[in-house]
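Which chain is which? The protein sequence lines are A and B, in order.
Its first residue numbered 1, the first sequence is counted upward by one per residue in our numbering.
Its first residue numbered 1, the second sequence is counted upward by one per residue in our numbering.
Worth double-checking, as some hints may not be accurate.
Dumping the calculated EDC-like pairs for lysine to aspartate or glutamate here, alpha-carbon to alpha-carbon at most 20 Å [stated by the list, open to error]:
1) Lys91(B) to Glu8(B)
2) Lys238(A) to Asp39(B)
3) Lys2(A) to Asp41(A)
4) Lys185(B) to Glu33(A)
5) Lys185(B) to Glu48(A)
6) Lys2(A) to Asp46(A)
7) Lys185(B) to Glu20(A)
So the derived label-pair ranges between C-beta atoms look like this [claimed, not checked]:
8) Glu211(B) to Lys177(A): 53 to 61 Å
9) Leu27(A) to Glu240(B): 49 to 57 Å
10) Ile179(A) to Asp109(B): 56 to 64 Å
11) Arg145(B) to Gly130(A): 37 to 45 Å
12) Ala16(A) to Asp135(B): 31 to 39 Å
13) Ser132(B) to Ser17(A): 31 to 39 Å
14) Arg154(B) to Arg237(A): 44 to 52 Å
Chain B is nowhere near these chain A residues, computed Cβ spacing over 10 Å in every case [to be verified]:
15) Glu20
16) Gly29
17) Ala51
18) Arg53
19) Val93
20) Ser100
21) Pro104
22) Trp121
23) Pro133
24) Gly163
25) Gly173
26) Pro188
Hints are computed from structural coordinates only; laboratory data are not their basis.
The structure displayed is predicted, hence computed values, not measured ones.
Note that CB positions come from ideal geometry on N, CA and C, so glycine has one too.
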Amino acid sequence: VKILLSWLRDFVQVPASAEEIARTMSLRGFSVESIEAAGPDDAVIDFEVTANRPDCMSVAGIALEVATAYGVPLQGPAADGAGVPPTSPQTGVDISIESSDLCPRYVGALADVSVGPSPSWMRQRLQACGVRPITNVVDVTNYVLLELGQPMHAFDLARLGGGSILVRTARPGETIKTIDGQLRALSPDMLVIADAERAVAIAGVMGGADSEVGEATQTTLLESACFSPLSVRRTSRKLGAERIPSCRCAPCSAHWHCSSKSVPDARPGLRWTTIRGEPSPGWSV
Amino acid sequence: MRVRQQVEDIFAHMGYEILEGPEVEDDYHNFEALNMPADHPARDMQDTLYLGVPIMGGTWGAHCGHVPEAQVRAATLLRTHTSAMQIRYMKTFPPPVRLIVPGRVYRRDNLDLSHTPMFQQFEGLVVGRGISLADLKGTFDAMLRELFGDVRVRLRPSFFPYTEPSAEVDISCQSCGGSGCGTCKHTGWLEILGSGMVHPAVFEAVGYDPEEVTGFAFGLGMERVAMLKYGVDDIRLFYENDLRFLEQFPL
């Protein structure tokens with residue numbers, strides 16, 4: 001996982017240099033693949049995270065380890081949404097979960113947006129971590145993924161049939177056109193996000209083209225959910241669609257995942273919509 | 001081959017058995033019995049070449065440990081590590097165990113300076129009463145000094161599904177003596193092998209009592225050793241059959 005030093009320092013005030021942090025962490029189980037300079041006084045450290053530590057596939061996850069190593073407090077990213085104009089009143093979205101065994105929790109938030117490029121600081125951070133900036137809405141979802149390890153997805157609310165969300169397994173014979181333009185055949189063991197009529201995303205794997213956020217999008221529904229990692233893994237294998245989110249959705253990263261913090265951290269002024277499903281016992285939320 | 005002979009000699013002097021195993025393995029021995037059940041994320045660490053044909057007649061099951069028919073999966077594969085042989089050995093013989101398994105292993109890797117789809121590995125396994133991490137470290141100290149001369153050895157925490165705790169083993173860089181150079185990426189250390197204390201789930205899979213015995217296991221890439229020892233910077237040279245290269249390493 002590629003960690004930008006200045007981003008890491010949002011979470012831990014550690015005075016050490018990139019080289020010192022790399023040396024310390026490589027003795028604590030995080031081998032360092034490379035250190036690359038990113039501008040005059042910043043660097044990207046590429047940590048090798050072993051398969052048992054998916055919770056460290058994010059800035060926050062590595063920050064927790066760094067904070068422990070250096071004995072300094074961990075602080076959250078500074079984001080309280082202050083100064084952001086509130087979202088206009090609007091009817092909420094009805095979210096229901098049919099397959100609660102494969103999706104213990106699904107959180108949605110609505111935000112009025114004007115789609116355009118992200119601010120340059122966000123584009124720079126994404127690029128430093130090897131993620132191509134697309135639009136502000138998509139960039140926010142990727143930013144949250146990199147920062148907290150929580151995969152997110154953005155739907156265009158106007159393109160969701162019936163303005164509702166149903167988390168269910170695919171119907172026999174159901175198909176979906178995914179954002180990469182491919183028409184994919186779904187099988188009934190695959191978990192999908194559906195509107196009133198059809199599947200609009202393959203849970204944790206890939207979004208659908210029909211509900212994708214585009215330039216005309218005015219209101220977006222942001223998804224932050226917990227999907228069964230096993231199900232996500234099987235589905236993405238079956239579809240041959242190895243994507244970033246599927247490798248991060250693991251139970252032990254639940255500390256950060258689905259925490260109620262993750263949505264406000266997305267920074268635009270958000271209005272909570274329906275939350276369905278309860279966190280499993282033992283998860284800290 | 002020269003490295004293989006040297007390593008075999010070192011371990012033979014320490015009283016280890018040397019065994020080979022089948023290069024065509026089944027899912028049970030290569031993964032499942034090693035604490036990697038189906039869909040375990042750690043399987044992604046080793047990209048596997050699956051064959052899709054069953055092993056004929058269970059030949060190896062008969063020779064090297066009985067495996068219930070139901071456990072011999074149709075999923076056959078080219079072994080990704082010689083660790084599969086651990087399972088076969090422990091299923092056949094009671095502890096104590098002192099074993100190394102040299103042999104070819106296969107992974108779906110692209111050719112580059114440090115990867116080939118086929119390479120050679122040593123698997124090592126020691127099991128008995130009271131075997132500890134200290135035995136592991138002492139063994140590596142002895143072996144690596146024998147192989148590389150006067151080097152320092154250090155352990156770094158890591159993860160393998162079949163060992164707990166797990167450690168990567170580094171030796172001090174010989175090119176720079178530990179001060180940092182291009183060979184060791186300026187860290188002063190070179191990663192040489194992966195190891196750890198055998199996971200209790202592995203003992204349970206083979207019918208050993210994890211309350212009675214403990215053990216350590218390790219895997220060592222032969223090409224990696226040869227590259228470090230002889231200053232070869234491209235693993236592909238070993239498989240290009242250029243006599244000018246190969247003749248530099250007579251047995």
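Hints broken by the structure, by number, lowest first? 1, 9, 10, 14, 16, 17 and 18
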